[in-house]
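Participant: For the record, the sequence lines run as chains Z and C.
Yeah, the first sequence ends on 565 if you go by our numbering, and it's all consecutive.
Yeah, the second sequence ends on 506 if you go by our numbering, and it's all consecutive.
No false leads were slipped in.
Counterexamples of contact, computed for chain C against chain Z with all Cβ distances above 10 Å:
(1) Thr422
(2) Ala445
(3) Gly485
Derived Cβ-Cβ restraints for the label pairs, each shown as a range:
(4) Gln441(C) / Met454(Z): 29 to 39 Å
(5) Ser213(Z) / Arg501(C): 53 to 63 Å
(6) Glu310(Z) / Arg501(C): 17 to 27 Å
(7) Ala424(C) / Gln285(Z): 50 to 60 Å
(8) Ala490(C) / Glu310(Z): 34 to 44 Å
(9) Asp502(C) / Ser213(Z): 49 to 59 Å
(10) Pro351(Z) / Val496(C): 42 to 52 Å
(11) Gln441(C) / Thr43(Z): 36 to 46 Å
(12) Ala100(Z) / Gly472(C): 23 to 33 Å
(13) Ser420(C) / Glu114(Z): 24 to 34 Å
Simulated from the structure, these hints should not be mistaken for lab results.
The beta-carbon is built from N, C-alpha and C at its ideal position, and this holds for glycine as well.
This is what each chain is made of:
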Amino acid sequence: MPTDGESRTFHGIGVSAGTAVGPLVVVTPAPKPAADEAPTTDAAAASAVVRGVLNDVASGLEGRAATASEHARPILEAGAMMARDPGLAMGIDTQLQAGKGLTNAVSSAVEEYCAMFESLGGYMAERVTDLRDVRDRAVARLLGQPEPGVPTLTVPSILAAHDLAPAETATLSTETCLGIVTAAGGPTSHTAILASQLGIPAVVQAVGILSVPAGTIVAIDGGVGEITVDPSEEEQELLQERKRRRAAALAGGTGHGATKDGYPVALLANIGTAADARKAAAQPVEGVGLFRTEFLFLDRDTMPTVEEQTQTYTEVFQAFGDRRVVVRTLDAGADKPLKFADLGPEENPALGRRGIRLGMIRTDVLDVQLQALAAAYQATGADVRVMAPMIATEGEAIWFAERVRALGLPKVGIMIEVPAAAIRSKGILYHVDFASLGTNDLQQYTMAADRMQGELADLLNPWEPALLDVVALACEGGAAMGKPIGVCGESAGDPGMALVLAGLGVSSLSMAPGKVAAVRTALSLHTLAECQQMAAAARVATTPKAAKAAVLAQADEVLLDLM
Amino acid sequence: MPSRTVAIASSVGLHARPAAMFVQAATATGLPVTIAKENGSPVDARSILMVMALGAKNGEVVTLTAEGDGADAALETLVALLSRDLDAE
Numbered sequence: 003m004p005t006d007g008e009s010r011t012f013h014g015i016g017v018s019a020g021t022a023v024g025p026l027v028v029v030t031p032a033p034k035p036a037a038d039e040a041p042t043t044d045a046a047a048a049s050a051v052v053r054g055v056l057n058d059v060a061s062g063l064e065g066r067a068a069t070a071s072e073h074a075r076p077i078l079e080a081g082a083m084m085a086r087d088p089g090l091a092m093g094i095d096t097q098l099q100a101g102k103g104l105t106n107a108v109s110s111a112v113e114e115y116c117a118m119f120e121s122l123g124g125y126m127a128e129r130v131t132d133l134r135d136v137r138d139r140a141v142a143r144l145l146g147q148p149e150p151g152v153p154t155l156t157v158p159s160i161l162a163a164h165d166l167a168p169a170e171t172a173t174l175s176t177e178t179c180l181g182i183v184t185a186a187g188g189p190t191s192h193t194a195i196l197a198s199q200l201g202i203p204a205v206v207q208a209v210g211i212l213s214v215p216a217g218t219i220v221a222i223d224g225g226v227g228e229i230t231v232d233p234s235e236e237e238q239e240l241l242q243e244r245k246r247r248r249a250a251a252l253a254g255g256t257g258h259g260a261t262k263d264g265y266p267v268a269l270l271a272n273i274g275t276a277a278d279a280r281k282a283a284a285q286p287v288e289g290v291g292l293f294r295t296e297f298l299f300l301d302r303d304t305m306p307t308v309e310e311q312t313q314t315y316t317e318v319f320q321a322f323g324d325r326r327v328v329v330r331t332l333d334a335g336a337d338k339p340l341k342f343a344d345l346g347p348e349e350n351p352a353l354g355r356r357g358i359r360l361g362m363i364r365t366d367v368l369d370v371q372l373q374a375l376a377a378a379y380q381a382t383g384a385d386v387r388v389m390a391p392m393i394a395t396e397g398e399a400i401w402f403a404e405r406v407r408a409l410g411l412p413k414v415g416i417m418i419e420v421p422a423a424a425i426r427s428k429g430i431l432y433h434v435d436f437a438s439l440g441t442n443d444l445q446q447y448t449m450a451a452d453r454m455q456g457e458l459a460d461l462l463n464p465w466e467p468a469l470l471d472v473v474a475l476a477c478e479g480g481a482a483m484g485k486p487i488g489v490c491g492e493s494a495g496d497p498g499m500a501l502v503l504a505g506l507g508v509s510s511l512s513m514a515p516g517k518v519a520a521v522r523t524a525l526s527l528h529t530l531a532e533c534q535q536m537a538a539a540a541r542v543a544t545t546p547k548a549a550k551a552a553v554l555a556q557a558d559e560v561l562l563d564l565m
Numbered sequence: 418m419p420s421r422t423v424a425i426a427s428s429v430g431l432h433a434r435p436a437a438m439f440v441q442a443a444t445a446t447g448l449p450v451t452i453a454k455e456n457g458s459p460v461d462a463r464s465i466l467m468v469m470a471l472g473a474k475n476g477e478v479v480t481l482t483a484e485g486d487g488a489d490a491a492l493e494t495l496v497a498l499l500s501r502d503l504d505a506e
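With these hints in hand, go ahead and build the complete structure from the sequences.
Facilitator: As structure tokens, then:
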């Protein structure tokens with residue numbers, strides 16, 4: 003929202019700390035097929051036009067593939083293959099012969115294939131994304147508009163978009179992308195997570211940013227969530243000063259996480275693959291607080307075998323030596339359906355048979371995973387701790403704990419994402435060794451607000467006092483049972499929130515490895531008593547904004563540089 | 418026009434990766450190759466979209482046709498490909 007008379011400053015939610023200055027590059031939205039299009043009368047001539055455009059789209063994608071990174075190349079090549087597919091051209095011909103206008107013929111033909119393939123899942127579901135991308139590019143060309151998506155960045159730039167899709171971010175590199183600003187999206191959106199992984203400053207929910215013309219120089223501050231248009235020299239100097247102070251605050255300190263007076267708070271990494279594990283293990287982190295194993299399963303038509311899973315888990319455990327690795331068993335269902343364990347469509351997937359609920363139905367899938375984890379534990383002797391997602395009742399915790407312990411795995415825990423588990427954490431923790439708070443889902447269920455709905459971002463602010471109350475309840479149960487409770491949601495990586503969580507009694511924080519340094523510094527500047535005072539102040543606040551302000555007012559001023 | 422029939426050996430049918438391998442091989446022949454299920458209309462074997470939409474399952478018999486120089490040899494190669502369990506490889 004513009005805040006001053008000249009609309010030179012925009013405010014959003016800072017989701018990836020850091021500052022950057024550069025020219026704005028605007029990501030063009032996908033065009034809609036023309037509503038008032040003339041019907042096709044000469045199908046042969048129209049077919050030649052469409053084929054020419056599809057060829058241009060394919061050549062463009064192939065050109066970009068030639069210079070793209072190893073990760074982005076297959077995505078671009080798959081798109082080019084779709085654009086050159088004779089079946090697509092024939093499908094469009096049929097639409098043209100029926101009299102449809104150019105862009106509507108392309109759109110209808112693509113949708114026909116998409117409808118056919120979407121239900122198949124796996125390999126073909128991925129092709130649907132490619133097909134729609136080709137459609138958007140072809141429709142844009144037919145309308146005489148630039149192709150949608152992220153343009154090739156020739157100079158280091160700041161990217162502005164309504165929101166970014168995974169395919170659009172695949173080609174981003176930290177060399178040319180200095181920062182990201184989106185008008186929509188929330189703190190747990192794909193953009194936010196990707197930006198913090200890459201260490202690119204980012205601001206989401208910056209309403210109005212798309213009214214700024216492309217090429218304008220802007221300065222962004224991904225900590226406080228501020229964008230300054232045409233910054234003056236003094237403003238740029240101030241930003242540089244902030245950057246220097248941040249670097250100075252982060253320098254030094256690679257040891258164990260602890261408050262100023264020595265209360266230990268383990269600083270852990272979130273990972274999804276063996277490659278993540280190797281990267282994170284090279285960083286000064288105390289282990290893994292969340293290994294999201296579903297990444298091994300998502301694109302598979304059949305379940306990976308015990309042998310294959312054992313090998314992957316062994317690689318991950320070996321990478322961390324004697325540092326702990328907290329493994330979350332398969333968290334499928336809802337927004338992450340699995341082809342080989344799909345229970346069919348549900349009215350309300352987020353409230354449906356996901357997480358442990360799916361595990362209890364498909365015990366074959368869960369048991370294979372637990373056997374592989376046990377085998378990898380036997381082979382490495384690592385500090386392995388296995389936890390289940392979406393636990394709501396004591397019964398579920400007992401069922402899971404028995405299964406894990408029967409295989410000789412040393413430690414079993416649960417995720418607290420369902421408010422019921424937070425409210426009754428004492429009873430649940432009687433049966434297990436530890437718990438980890440998944441604050442993103444816990445907030446979605448506490449506020450009854452869909453995480454994926456950018457429009458509900460106000461209800462999903464991590465500083466929401468109601469969420470802090472629920473976290474506090476969970477921690478009281480942990481303290482009563484003498485069992486450790488960690489946090490592995492986005493909240494854990496916010497230096498200010500980390501102080502509140504420590505004050506509430508959390509004993510470990512797991513986050514994107516790039517966020518660990520700032521959290522370590524923040525903890526080291528405050529005593530446990532100060533953290534407890536800040537937590538109390540945040541809980542009595544009436545709004546998320548007031549909660550954050552109350553914490554910042556009590557905190558060391560260096561904290562502002564870290565955020 | 419030269420044609421051959423073959424039963425799909427791939428355990429998942431002519432789907433996903435096996436389909437992509439088949440389409441690549443058909444395109445590489447440089448000839449117009451078609452594929453049809455029993456009693457079905459032939460579709461362009463060089464189109465991953467159409468081959469996928471065909472939905473040929475494991476054990477189903479398909480007919481391949483090709484036209485032009487080297488059509489027989491090209492069909493032999495494609496028949497050999499479909500006779501293997503591509504998914505297991």
